Structures are given as structure tokens and as C-alpha cells.
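Novice: Here's the letter readout for the chains.
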Amino acid sequence: MIQPVLQLKNLSVSFDTPNGEIEAVRDVSLSLNKGEILAVVGESGCGKTVMSQSVLKLLPKTSRIKQGRIIVDGNDITDYKEKQMRKLRGSVLSMVFQDPMTTLNPTIPIGKQITESIIKHNKISKELARKRALEMLDLVGIDNPLHMFSLQPHFFSGGMRQRCVLAIALTANPKVLFTDEATTALDVTVQAKILDLLLDIRNKTGISIVFISHDLGVVARIADRVAVMYAGKIVEIGTVEEIFYDPRHPYVWGLMSALPYLTKEEGNLTCIPGMPPVMLDPPPGDAFAVRNEFALAIDYEKMPPMFQISPTHSAATWLLDERAPNITSPLSLKRMAVS
Amino acid sequence: MNPDDILSVCDLKQHFYINKDLTIKAVNGVTFQVNWGEVFGIVGETGSGKSTVARTIMGIHPATGGEVYFKGNKISEKKIYKQNKKDIYKNMQIIFQDSAAALNPRMTVEQIITEPLKVNRIIKDKNELQEKLESLLLEVGLDNTYIRKYPAEISGGQRQRVAIARCLSTSPDLIIADEPIASLDVSIQAQIITLFQRLQRERGFSFLLIAHDLSIIKFICDKVAVMLHGRLMEIATTKELFENPLHPYTQSLLSAIPVPDPIFERNKKIMPFDVKRAKTNGEMVEVSLGHYVLK
Numbered sequence: 001m002i003q004p005v006l007q008l009k010n011l012s013v014s015f016d017t018p019n020g021e022i023e024a025v026r027d028v029s030l031s032l033n034k035g036e037i038l039a040v041v042g043e044s045g046c047g048k049t050v051m052s053q054s055v056l057k058l059l060p061k062t063s064r065i066k067q068g069r070i071i072v073d074g075n076d077i078t079d080y081k082e083k084q085m086r087k088l089r090g091s092v093l094s095m096v097f098q099d100p101m102t103t104l105n106p107t108i109p110i111g112k113q114i115t116e117s118i119i120k121h122n123k124i125s126k127e128l129a130r131k132r133a134l135e136m137l138d139l140v141g142i143d144n145p146l147h148m149f150s151l152q153p154h155f156f157s158g159g160m161r162q163r164c165v166l167a168i169a170l171t172a173n174p175k176v177l178f179t180d181e182a183t184t185a186l187d188v189t190v191q192a193k194i195l196d197l198l199l200d201i202r203n204k205t206g207i208s209i210v211f212i213s214h215d216l217g218v219v220a221r222i223a224d225r226v227a228v229m230y231a232g233k234i235v236e237i238g239t240v241e242e243i244f245y246d247p248r249h250p251y252v253w254g255l256m257s258a259l260p261y262l263t264k265e266e267g268n269l270t271c272i273p274g275m276p277p278v279m280l281d282p283p284p285g286d287a288f289a290v291r292n293e294f295a296l297a298i299d300y301e302k303m304p305p306m307f308q309i310s311p312t313h314s315a316a317t318w319l320l321d322e323r324a325p326n327i328t329s330p331l332s333l334k335r336m337a338v339s
Numbered sequence: 001m002n003p004d005d006i007l008s009v010c011d012l013k014q015h016f017y018i019n020k021d022l023t024i025k026a027v028n029g030v031t032f033q034v035n036w037g038e039v040f041g042i043v044g045e046t047g048s049g050k051s052t053v054a055r056t057i058m059g060i061h062p063a064t065g066g067e068v069y070f071k072g073n074k075i076s077e078k079k080i081y082k083q084n085k086k087d088i089y090k091n092m093q094i095i096f097q098d099s100a101a102a103l104n105p106r107m108t109v110e111q112i113i114t115e116p117l118k119v120n121r122i123i124k125d126k127n128e129l130q131e132k133l134e135s136l137l138l139e140v141g142l143d144n145t146y147i148r149k150y151p152a153e154i155s156g157g158q159r160q161r162v163a164i165a166r167c168l169s170t171s172p173d174l175i176i177a178d179e180p181i182a183s184l185d186v187s188i189q190a191q192i193i194t195l196f197q198r199l200q201r202e203r204g205f206s207f208l209l210i211a212h213d214l215s216i217i218k219f220i221c222d223k224v225a226v227m228l229h230g231r232l233m234e235i236a237t238t239k240e241l242f243e244n245p246l247h248p249y250t251q252s253l254l255s256a257i258p259v260p261d262p263i264f265e266r267n268k269k270i271m272p273f274d275v276k277r278a279k280t281n282g283e284m285v286e287v288s289l290g291h292y293v294l295k
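Chains as they are written, first to last, in our numbering: chain A, 1 to 339; chain B, 1 to 295.
Simulated from the structure, these hints should not be mistaken for lab results.
There may be inaccurate statements among the hints.
Lysine-lysine pairs mimicking PhoX-like chemistry, simulated, CA-CA at most 25 Å apart [to be verified]:
| id | chain 1 | residue 1 | chain 2 | residue 2 |
| --- | --- | --- | --- | --- |
| 1 | A | 87 | A | 112 |
| 2 | A | 175 | A | 131 |
| 3 | B | 295 | B | 279 |
| 4 | A | 175 | A | 204 |
| 5 | B | 218 | A | 204 |
| 6 | B | 74 | B | 25 |
| 7 | B | 118 | B | 86 |
| 8 | A | 131 | A | 81 |
| 9 | B | 25 | B | 13 |
| 10 | B | 90 | B | 78 |
| 11 | A | 302 | A | 66 |
| 12 | A | 87 | A | 9 |
| 13 | A | 175 | A | 302 |
| 14 | A | 123 | A | 83 |
| 15 | B | 269 | A | 193 |
| 16 | B | 279 | A | 193 |
| 17 | A | 87 | A | 57 |
| 18 | A | 193 | B | 268 |
| 19 | B | 25 | A | 204 |
| 20 | B | 218 | A | 193 |
| 21 | B | 276 | A | 193 |
These figures come from a predicted structure and were not determined experimentally.
Kindly generate the complete structure, drawing on both the sequences and the hints.
Specialist: Printed below as a string of C-alpha cells:
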């Protein structure tokens with residue numbers, strides 16, 4: 001059996017606030033294989049960023065891992081201290097954030113920022129590091145890297161900056177790359193190029209990517225598997241085809257029908273009523289029940305377990321229980337967008 | 001000048017002088033008309049000058065060149081703007097992207113929504129004001145519990161609703177919305193779009209929507225203009241533009257829209273277009289009725 005590069009087992013992360021404890025991530029389990037792209041989708045505040053940052057241990061001191069294990073490449077890193085984490089960050093786990101301008105130092109030339117991370121991770125000479133940095137710039141598709149090497153970030157456009165950040169993230173050949181809304185701030189044409197670049201890098205280096213996004217269109221292009229999160233829990237996980245063509249959770253139905261693209265031209269957009277819950281005092285049952293038109297009585301009382309639909313596909317909704325009434329998806333989703 | 005137009009923009013230019021070597025031509029000759037009751041969309045990438053167009057029309061920046069006509073009055077001229085200022089203040093309203101920055105953090109929802117009514121002396125009676133406030137809140141899908149809240153206490157989607165209620169309070173004829181949904185969540189975006197659609201149908205105001213998301217433009221607009229480097233590349237009715245895009249930039253933009261369909265996405269080809277080498281001098285040519293392309 002192939003060992004997954006990243007495994008989360010029943011991970012729960014909480015924040016201590018003056019108003020009480022906020023459960024940002026609740027009982028999340030997932031595994032990521034080598035060379036796989038897993039997309040994590042959800043609204044803001046659903047815990048997708050907290051989940052990824054808890055793996056890299058980038059969260060503030062007010063947070064704590066309440067339970068669960070984080071296993072990276074066979075090693076349990078749940079209790080790693082800062083010193084040990086430093087060795088992992090960049091070389092095994094790496095992250096790209098939404099806004100490249102806040103990631104990069106505006107006063108230091110791009111080339112120097114890339115060589116810096118190369119020298120930190122490998123004990124090589126400056127000359128070699130420079131050569132490697134130029135290779136990296138070439139890998140992320142920057143034309144004329146020699147010229148760009150000595151320029152500060154403000155000379156670059158948003159897409160180019162994001163490419164540079166990607167170059168830095170990839171210098172030490174990490175095994176898992178987290179991209180947190182990495183393409184959200186970019187224009188559609190640039191976004192498409194960055195997505196293709198990520199796919200290309202995956203094919204070349206065999207890196208695994210956890211792609212965090214709220215844009216289902218982008219996810220459809222890049223992901224192999226998709227996990228949908230709501231209120232800190234994974235409500236549905238499966239291959240990209242299973243999630244897009246055969247979703248089972250009412251929240252995923254709602255998300256899909258809220259997209260203008262899937263709606264008939266003259267029709268109205270269907271929207272999910274209400275607001276995402278505040279996680280200060282999560283409801284005992286399914287957190288989505290109050291916004292769910294298909295909610296059953298049990299949804300308000302008991303948390304639904306994960307129901308296995310196929311070996312790769314599972315969803316947490318009581319609708320899949322054998323005692324539940326037979327409700328089918330309100331969407332005719334199969335190949336709907338192509339006309 | 002067509003009497004059907006509520007807003008007519010003629011060769012509008014907005015140049016920002018940085019220093020003697022650098023002048024940024026944010027808007028460089030833009031011409032379009034918005035009819036009464038029409039939903040007009042402007043799309044473009046970041047830095048194409050679409051927000052500057054909105055701000056220049058509103059008079060936030062005085063135009064460097066060109067003319068803006070609102071209901072036939074040339075409001076780009078200071079004197080005429082001052083003469084018509086009552087009408088402009090009441091009948092032209094703007095909604096910004098970041099509702100947190102657009103609402104005064106020290107005012108309650110009640111104060112925010114009633115302020116334009118008081119300033120423009122539309123309603124003076126206190127009870128009437130209260131009634132109007134409640135009906136406005138209801139119209140944008142909020143209830144009375146929000147009246148005493150401050151912007152910081154409510155979520156992004158609700159704040160945007162408050163901003164919409166404020167802009168509706170004077171019953172304007174033209175609403176300019178600058179990326180009103182870009183900073184919201186998918187499910188909340190859908191709520192706000194539906195709200196706009198409903199309000200526009202009920203009230204029949206003209207609507208200038210600025211966005212970078214083509215799928216939303218497709219959904220709500222009657223007419224679309226595509227903008228790049230301060231120029232319009234193509235203007236057409238929404239149906240025409242999506243079915244028969246003529247400018248290579250429009251074609252590239254349309255092909256790059258992410259579609260939530262994995263099989264389609266994997267097989268699709270994105271048309272390349274080098275934005276840097278785009279031709280920005282040239283004339284708008286009418287190819288077919290109402291379909292203009294920069295040539």
C-alpha cells in the first residue's frame with residue numbers, strides 16, 4: 001500500500017477568545033497521496049484556512065489542537081515544537097498565500113528572496129543557489145529570468161508576483177504545497193495561466209497540492225479530489241467528478257445552484273438562505289440544518305456521521321441514512337454547463 | 001445626444017499626473033450610453049480603468065477630457081454640475097466594493113440609511129422617516145433588529161445590503177455599482193445578485209455595473225462593454241457578446257472563465273492574448289446593430 005504524504009486524523013482546532021471557545025475545525029479526517037491535488041472548498045469562516053495553517057503550525061498562540069493527529073510522510077508531527085517545524089516548513093510542507101504583495105518583501109529584489117530560501121534549506125554556495133534560483137524562475141514561467149532577477153516585486157504584475165512566490169515555495173522540493181486562495185486576487189486570464197502552471201509543476205515534480213479555494217470553477221479545472229467544508233467539518237469528500245456530477249450533501253447542492261453559470265439564462269439564481277453559523281456555540285446537530293430545506297428532525301439533534309457512497313466518495317448528511325426519505329438532488333447536474 | 005439615454009459618456013479621459021516623466025492614462029477615450037432602465041455592465045481586468053470611469057462619472061475626480069451627460073445635462077462641466085447638483089445628488093448613487101470602508105463606523109444603520117434623506121431634504125417628518133427606513137430595510141431583506149447596530153457588528157453581506165438600502169433611499173434614476181459583490185462569499189453573492197435583479201425589476205432604475213466576473217455580467221446585464229488599458233474594446237448586447245465575441249481580447253476573456261464542470265474544464269483551450277501588445281489606438285466601428293468593436 002502506498003503511504004499517503006499527508007494524513008489528518010480526527011483533527012479539531014479551537015481558538016480561545018474572551019467570549020469562549022471557537023471550534024474552527026471539527027473532527028476533520030483526510031489523506032493526500034503523492035502527486036494528488038486535493039481542493040478544499042467552502043465559504044469564508046468555514047475553517048479551510050485554519051485547517052491548512054494548523055498543519056504548518058502557523059496559527060496564533062490562542063489556538064490549540066484539541067484532538068487528532070497530523071501525519072506527514074509517516075511521521076506524526078502533532079506535537080512538534082517550533083524548532084522542529086522550522087525544518088519541515090519549506091522543505092516538506094510549503095504554503096502560498098492569497099496576496100503575493102504581503103508575502104514578498106517589497107524592498108528586496110526577487111532573485112535575492114529566492115536564493116535566500118535556497119541557501120536556508122540547502123548548504124550550497126551563493127553561485128549555485130543563484131543558478132538554482134534562475135532555474136526556479138524558469139520553471140514558474142517567467143520570461144527572461146536573468147533580467148527579472150534583480151528587480152523588486154513592484155516591477156511585477158500580480159500574476160508574475162504570484163509566480164515568484166510559487167518559485168520560493170518550491171525551492172526546496174516540498175512534498176506538500178498548500179495554496180490558500182492563491183489565484184483569487186488575479187484576473188481570469190492570469191488565473192487560468194497560474195492553474196495550468198500548478199498542474200504542469202505537479203506533472204513534472206510529483207508534488208501533492210492542497211488547493212484551498214471558494215471558486216468551484218477553478219476547482220473543476222485543477223482538482224483530482226474535492227473536500228467541501230462547512231462550519232469546520234468536511235461535509236462531503238470525493239473525486240472531482242463525484243462532487244460535481246453526483247453531489248449528495250444539500251449544502252453542495254446549494255453551492256452549485258448559487259453559481260450563475262449553472263442557471264438557465266432567464267431563470268433566477270437560487271441562493272442558500274441565511275448566514276453561515278458562528279462557531280462560538282455550534283448547534284448539536286448538523287450545522288447546516290437551519291439553512292437546509294431538506295433538513296430532517298434528526299439533523300437538529302445529532303451530528304450526521306460520514307456515509308460512504310463509494311470507496312472514494314463520502315458525505316455527512318442524514319439523507320443518506322437508510323431510514324431517511326428518498327430525496328434526490330434538485331439539480332440536473334450532469335454535464336450541465338456545456339451547451 | 002439621444003433623449004433615450006440617462007447617461008452618456010463621450011470620449012472620457014482621466015489622466016493622473018504622477019511626475020514630469022509619468023502620467024497614468026487610466027481612462028483614455030471612453031464612449032458609451034446607458035438607456036433609461038437598462039443594466040449596463042463594464043468588465044475588465046485589474047488596472048483597466050473601469051473603477052475610474054465610475055468615479056469620474058460621479059464627479060469624484062474631475063475629468064481630464066471628454067464629456068459626461070446625465071439626463072442631457074453636461075455634468076462634466078463644473079458650472080452645469082453646480083446648477084444641477086440637487087438632481088444629481090438625488091438621482092445618481094454609487095455602491096462601492098468594500099462596504100466596510102463605505103459606511104461610517106460611528107453611525108448606526110438607522111443614521112446611515114436616513115442621512116441622504118435628511119441631507120437632501122426629501123423627508124422631514126420623523127414618523128415618515130421611520131416608516132421609510134423600515135420599508136427600505138425590508139426591501140433589501142433586513143429586519144428592524146438591525147436599526148441600532150453599527151457596521152462593525154454585522155456581516156459583509158448584510159453591510160452591503162445596508163449600503164444598497166442607503167443608495168435606494170433617495171429613489172435614484174441611476175445606480176452605479178463598482179464591484180458590489182467581489183468581496184462576498186459565493187452563497188452571499190448569489191443573494192445580492194438576486195436582490196439587485198429584483199430591485200431593478202421593481203423600481204426600474206438604470207444600472208451601471210462594474211465587475212470583473214463575466215458570469216455575473218452575463219446573468220444580470222442587458223449590455224456589456226469590455227475594457228482594457230483605459231479603452232473600450234467591444235460593446236454589445238450581452239447575448240451578442242457571449243455568442244459572437246469579435247475582439248480577440250474578449251474571446252480570450254470568455255474562454256478563461258472557470259466553468260464548474262471538470263470534464264469541460266480539462267478539455268477547454270484558453271485563447272492566448274498578449275495584453276501588453278493590445279492596440280489601444282483606433283476607432284470604435286459598428287459591426288452590426290449595437291455591436292461596436294475597436295479596430
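Novice: None of the hints should be skipped; say for each whether it holds.
Specialist: Results of checking the hints against the structure:
Pair hint residue 87 (chain A) plus residue 112 (chain A) holds up; C-alpha atoms about 21 Å apart against a cutoff of 25 Å. Taking the CA atoms of residue 175 (chain A) and residue 131 (chain A), the gap is near 22 Å; set against the 25 Å cutoff, the hint holds. Restraint check for residue 295 (chain B) and residue 279 (chain B): satisfied, since their Cα atoms lie roughly 8 Å apart, inside the 25 Å limit. At roughly 13 Å between alpha-carbon atoms, residue 175 (chain A) and residue 204 (chain A) fall within 25 Å of each other, so this suggested pair holds.
In summary, the hint linking residue 218 (chain B) to residue 204 (chain A) is not supported, as the alpha carbons are separated by about 37 Å, beyond the 25 Å threshold. For the given pair, residue 74 (chain B) sits about 22 Å from residue 25 (chain B) by alpha-carbon distance, which is consistent with the 25 Å threshold. For the hint pairing residue 118 (chain B) with residue 86 (chain B), the CA-to-CA distance comes to about 13 Å; that is within 25 Å, so the pair holds. Using a Cα cut-off of 25 Å, the hinted pair residue 131 (chain A) and residue 81 (chain A) is violated, with the two alpha carbons roughly 33 Å apart.
Only pairs whose Cα atoms come within 25 Å are accepted, and residue 25 (chain B) paired with residue 13 (chain B) is accepted, the gap being roughly 8 Å. For the hint linking residue 90 (chain B) to residue 78 (chain B), the alpha-carbon distance of about 18 Å falls within 25 Å, and the restraint holds. Only pairs whose Cα atoms come within 25 Å are accepted, and residue 302 (chain A) paired with residue 66 (chain A) is accepted, the gap being roughly 21 Å. Proximity of residue 87 (chain A) to residue 9 (chain A) is assessed by CA-CA distance (about 22 Å); at most 25 Å being required, the pair is judged to hold.
Between residue 175 (chain A) and residue 302 (chain A) the CA atoms are separated by roughly 38 Å; this puts the pair beyond 25 Å, and the hint is violated. Restraint check for residue 123 (chain A) and residue 83 (chain A): satisfied, since their Cα atoms lie roughly 18 Å apart, inside the 25 Å limit. Restraint check for residue 269 (chain B) and residue 193 (chain A): the C-alpha separation of about 11 Å stays at or below 25 Å, so the hint holds. With a CA separation close to 22 Å, the supplied pair residue 279 (chain B) and residue 193 (chain A) stays within the 25 Å bound.
For the proposed pair residue 87 (chain A) and residue 57 (chain A), the alpha carbon gap of about 12 Å is at most 25 Å, so the pair holds. Between the alpha carbons of residue 193 (chain A) and residue 268 (chain B) the distance comes to roughly 13 Å, so the proposed pair stays at or under 25 Å and holds. Our distance criterion of 25 Å between C-alpha atoms is broken by residue 25 (chain B) and residue 204 (chain A), whose separation comes to about 42 Å. Restraint check for residue 218 (chain B) and residue 193 (chain A): the C-alpha separation of about 23 Å stays at or below 25 Å, so the hint holds.
Between residue 276 (chain B) and residue 193 (chain A), the direct Cα distance comes to roughly 16 Å. Compliance with the 25 Å bound is thereby established for this hinted pair.
In summary, the structure is inconsistent with hints 5, 8, 13 and 19 from the numbered list given earlier, while agreeing with the others.
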